[in-house]
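Trainee: Taking the hints into account, I'd like the entire structure generated from these sequences.
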Amino acid sequence: MANVTLRNVRKTYTGGFEAIKGVNVDVGDGQFCVLVGPSGCGKSTLLRMVAGLETVTGGEIDIGGRVVNQVEPADRDIAMVFQNYALYPHMSVFNNMAYGLRNRGMKEAEVKTRVEEAARVLELAPMLERKPRQLSGGQRQRVAMGRAIVRQPKVFLFDEPLSNLDAKLRIAMRVEIRKLQRRLNTTSIYVTHDQLEAMTLADILVVMNGGQVEQIGNPLAIYEKPATTFVASFIGAPPMNLMSTRTEEIKSQLGGSAGDAGILGIRPEDFVITDQTPAGGVALPLTVEAIERVGAETFIYGSRAQDEQRVAATPGELPPGEVIVRIPGTEAPAIGQKIRVGAIRSKLHLFSGDGRSRIEA
Amino acid sequence: MVEDEGFQRYVAHFILWVGIAIVAFPVYIAIVASTQDNALIANGQMSLLPGGHFFEVYYQTIFVGTSGSTREPVYNMMLNSLVMALLIAVGKIAISIISAYGIVYFRFPFRMPIFWIIFITLMLPVEVRIYPTYKIVADLHMLDSYAGLSLPLIASATATLLFRQFFMTVPDELLEASRIDGAGPLRFFWDTLLPLSRTNMAALFVILFILGWNQYLWPLLITTRDDMQTIQVGIRKMITTTDALTEWPVVMATAVLAMLPPVFVVVAMQKLFVRGLVETEK
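Order-wise, the sequence lines are chains A and B.
If you number the first sequence the way this note's numbering does, the last residue is 1054 and the count never jumps.
If you number the second sequence the way this note's numbering does, the last residue is 289 and the count never jumps.
Derived from the structure by calculation, the hints contain no laboratory data.
It is possible that some hints are incorrect.
[Said to hold, decoys possible] Derived CB-CB ranges, DEER-like: (1) 114/B <-> 796/A: 57 to 67 Å; (2) 114/B <-> 760/A: 43 to 53 Å; (3) 776/A <-> 133/B: 23 to 33 Å; (4) 114/B <-> 903/A: 23 to 33 Å.
[Stated by the list, open to error] A few chain A residues facing chain B, derived, Cβ under 7 Å: (5) 706; (6) 746; (7) 775; (8) 777; (9) 779; (10) 797.
For every residue, glycine included, the Cβ atom is placed at its ideal position computed from N, Cα and C.
Mentor: Structure follows, in structure tokens:
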């Protein structure tokens, strides 16, 4: 049971490359913190710094009230689940889980109790004598989890633990990890590039980009009020539609309320197909380019006649002038048809022209 | 394997059988000659069928030796060869796995220069550095000893390279998981790296054992006493006789006996050997 606090943590590699540019995060006792961001944003590096596998070149990492910058990984009282599981291939499942305990000089009887308890929780009891190569991906994943929980550490660290599993298993394991963490009530830090995993697991979501924190907060709060265009387009799938407010079409509709805003964002799910312009809201004429039906919902890819201006955003960026609209059900207009979509005032997100700050109108 | 029928198959098999005959015939001759009477062979009347002196020839070879040039019984030569081959194989594996571990997993000054120096010794086999090596061994009073026979052949760049390549394929996460599990460098080496290298070590053992067993030049140089000579040197000495007939049945029996340990090692370790060459257990 412990807090994890990162104070202005920095990592500069010997070549001068700054991987982490001053990160402040405070994870409360028993909370589940998810670090999310595109590849290369530094999220794994940050996690490995907490684990002690990477040195810290600036700031402090504090686990349970103790600054651990100079502490060996084994003495930080953490356990880590790796992306490729990193099970010892020549050891049985039992020994894989027991190894860390035995290295700490725990009595064999206690080791046995703990491993068997973990195996029961993770439903691994029948395969304790098997070798990792005789297990399926999901089972290996469980063993990796087991190796972490037998230690009863202060903090769990997860480095993209589900990315080697197939889609169905990933969802099942996601739920299991969450349940397990709730039950053990152990502070956890989880790295992923999958925004859906991030949204569903996190108590605290940390969105990272280019070695910096873009936004920290409750996942739903971040979804509802993204602080930058980066967060806006990274969190939520399909991504938020972003368009310049400088064009005549948008400017006239927003009126004076646009203020200094340079970018307007509207989530695909906030559009409705309508002939009217919602009061204070925005309506756009679109030509339907493509339709994707996924059963419960349908995505319409439309193009706007006028807006060809690119705005600042990176992940999942849409081509300029393209708009995604999500409607429930399978009824959709035909390709090539001209439609009008609108969104109400409260669903509009306004950002400064460089996309770095949110503007509350 | 695509053409599996008719005429071509017979041709393929015919070629294979010819190949086998060419390879196996000398071995067969050696076995046959080792069961015959020496006078017959000396007269040039050796039969191509096994003779009736199998037991007496082999008894004499193993326990008595020739009556001519070297009077050493062959069991002692085999023992010398065996000790030398085992020392070389085990010593090389032990030394090179440790040096490879150091080079791959530790950061220390001049790491790469040291690696390259080891690498360069590939170009300096015993034959090239034979005089200085002999001088060193002689100065250290290791002539006519097992240490002198094996030590100069133990330092090995090939095995170090092989283990280095293997260690570099071991995922870094295993090391990291070990660190989190509280295993220090020695623990990691002993508990994780060594078991993972098992098949590689087996493959290397087979190759190095045969290499050691077949050494000729080096043992010839540094052993002077008959009771320290290896079997490969012994065979040569038996053939060259000054004023007596070469005892061909004994020579052939010695040759047959010299073939047995390598054959045994290959057969016994074949499964591990092949696995070590083709698959990595990770």
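Trainee: A separate judgement is required for each hint: does it hold in the structure or not?
Mentor: Hint-by-hint comparison with the structure:
1. 114/B <-> 796/A: 57 to 67 Å: 23 Å, violated
2. 114/B <-> 760/A: 43 to 53 Å: Taking Cβ atoms as reference, residue 114/B and residue 760/A lie about 25 Å apart, which means the hint is violated.
3. 776/A <-> 133/B: 23 to 33 Å: 47 Å, violated
4. 114/B <-> 903/A: 23 to 33 Å: Given range 23 to 33 Å: holds, Cβ gap about 28 Å.
5. 706: 14 Å, violated
6. 746: 5 Å, holds
7. 775: Interface hint status for residue 775/A: holds (5 Å vs cutoff 7 Å).
8. 777: With a closest approach of 6 Å, the residue 777/A hint holds.
9. 779: 4 Å, holds
10. 797: Given a least distance of 5 Å, the restraint on residue 797/A holds.
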